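**Student:** Just so you know, the sequences run in chain order A and B. Residue numbering for the first sequence is 1 to 121, as defined by this note's numbering. Residue numbering for the second sequence is 122 to 257, as defined by this note's numbering.
Mixed in with the good hints, there may be bad ones.
Taking lysine-lysine and the DSSO-like style, the derived pairs with C-alpha atoms no more than 27 Å apart in a straight line are [claimed, not checked]:
| id | chain 1 | residue 1 | chain 2 | residue 2 |
| --- | --- | --- | --- | --- |
| 1 | B | LYS233 | B | LYS148 |
| 2 | A | LYS110 | A | LYS80 |
| 3 | A | LYS33 | A | LYS110 |
| 4 | B | LYS234 | B | LYS148 |
| 5 | B | LYS148 | A | LYS91 |
| 6 | B | LYS234 | A | LYS110 |
| 7 | A | LYS91 | A | LYS12 |
| 8 | A | LYS91 | A | LYS80 |
| 9 | B | LYS233 | A | LYS33 |
| 10 | A | LYS12 | A | LYS80 |
| 11 | A | LYS33 | A | LYS12 |
| 12 | B | LYS234 | A | LYS12 |
Honestly, the hints are just simulated from the structure, not real lab data. All of these numbers come straight from a predicted model, not from anything done at the bench.
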Amino acid sequence: MVVQEKYMNLDKVNELISGTILLESHTSCDYTKAFASDLMSDVLRFQMENTVLITGLCTVQAIRTAEMSNISCLIFARDKHVTEEMIELAKENHIAVIVTGSTMFEVSGKLYQQGFEPVYR
Amino acid sequence: MRMSYSIEGGDFSAAGRASSEVKRTLKQFNISPLVLRRIAVALYEAEMNVVAHARNGAMQVDIQPHSISVVIEDEGPGIEDIARAMEEGFSTATEEVRQMGFGAGMGLPNIKKNSDRMILTSTPGVGTRLELTVNF
């Protein structure tokens, strides 16, 4: 029987998706939900506490969106290049940054399998 | 407490700085993270609108003990049909704005959703004025 965890810390999320942590947030957070989108307007519509954001949109505005939405973990899929400017902004706002070679679909699937919940409202 | 910020049209790299400053200031007060998010999201969407559509603009913030009132004014093309602009999915954003993950026609409805009071006025060819209040 597979025991599914209801929440996961940054290291466990990273391990699960075979990622690389580019930046730790230095604030402990247990993640229970995930949201995958390249549309930041959509991210801004929902309650994002304890949520990891999976995106392929590798821009400063992805970090800004996380900041405004109280998201403390961003996963950039498909080995996107994260710039220094993005890392600096993420650091200022205590947002952890992970990059992975997996696709958004793969990352979503792995987190879903572990019991992560979607964000509906 | 009153604060004022200028917003540069077209400067996508700086977009969000004013909203970020306001959020950081509000963190010093005893405001719940959920309310803080509502305020930050409303301001960020409004700031993005100025950057995406106008030549320049300003954000004036007034923080009271139990509310925040913000006026975002810009000089730009204005909005021809406000009722239409408030519809989800309606957008006049450029391809550049869409590549940033915005311009899907959800900004104004989202500002309304996150505010307790919102007044939007505009003169086509002159500019737009958005006033919003969030209670806490």
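**Student:** Next step is simple, just say for each hint if it's right about the structure.
**Tutor:** Hint by hint, here is what the structure shows:
1. B/LYS233 x B/LYS148: 22 Å, holds
2. A/LYS110 x A/LYS80: Holds - the C-alpha atoms of A/LYS80 and A/LYS110 are around 19 Å apart, at most 27 Å.
3. A/LYS33 x A/LYS110: Holds, at roughly 12 Å.
4. B/LYS234 x B/LYS148: Roughly 21 Å separates the two Cα atoms, so the pair holds.
5. B/LYS148 x A/LYS91: Since the Cα atoms of B/LYS148 and A/LYS91 sit roughly 17 Å apart, the hinted pair holds (cutoff 27 Å).
6. B/LYS234 x A/LYS110: Not satisfied, since the Cα-Cα distance of roughly 33 Å exceeds 27 Å.
7. A/LYS91 x A/LYS12: Roughly 20 Å between the alpha carbons, so the hint for A/LYS91 and A/LYS12 holds.
8. A/LYS91 x A/LYS80: 18 Å, holds
9. B/LYS233 x A/LYS33: At roughly 25 Å apart (the allowed maximum being 27 Å), A/LYS33 and B/LYS233 satisfy the hint.
10. A/LYS12 x A/LYS80: Holds - the C-alpha atoms of A/LYS80 and A/LYS12 are around 21 Å apart, at most 27 Å.
11. A/LYS33 x A/LYS12: 14 Å, holds
12. B/LYS234 x A/LYS12: 35 Å, violated
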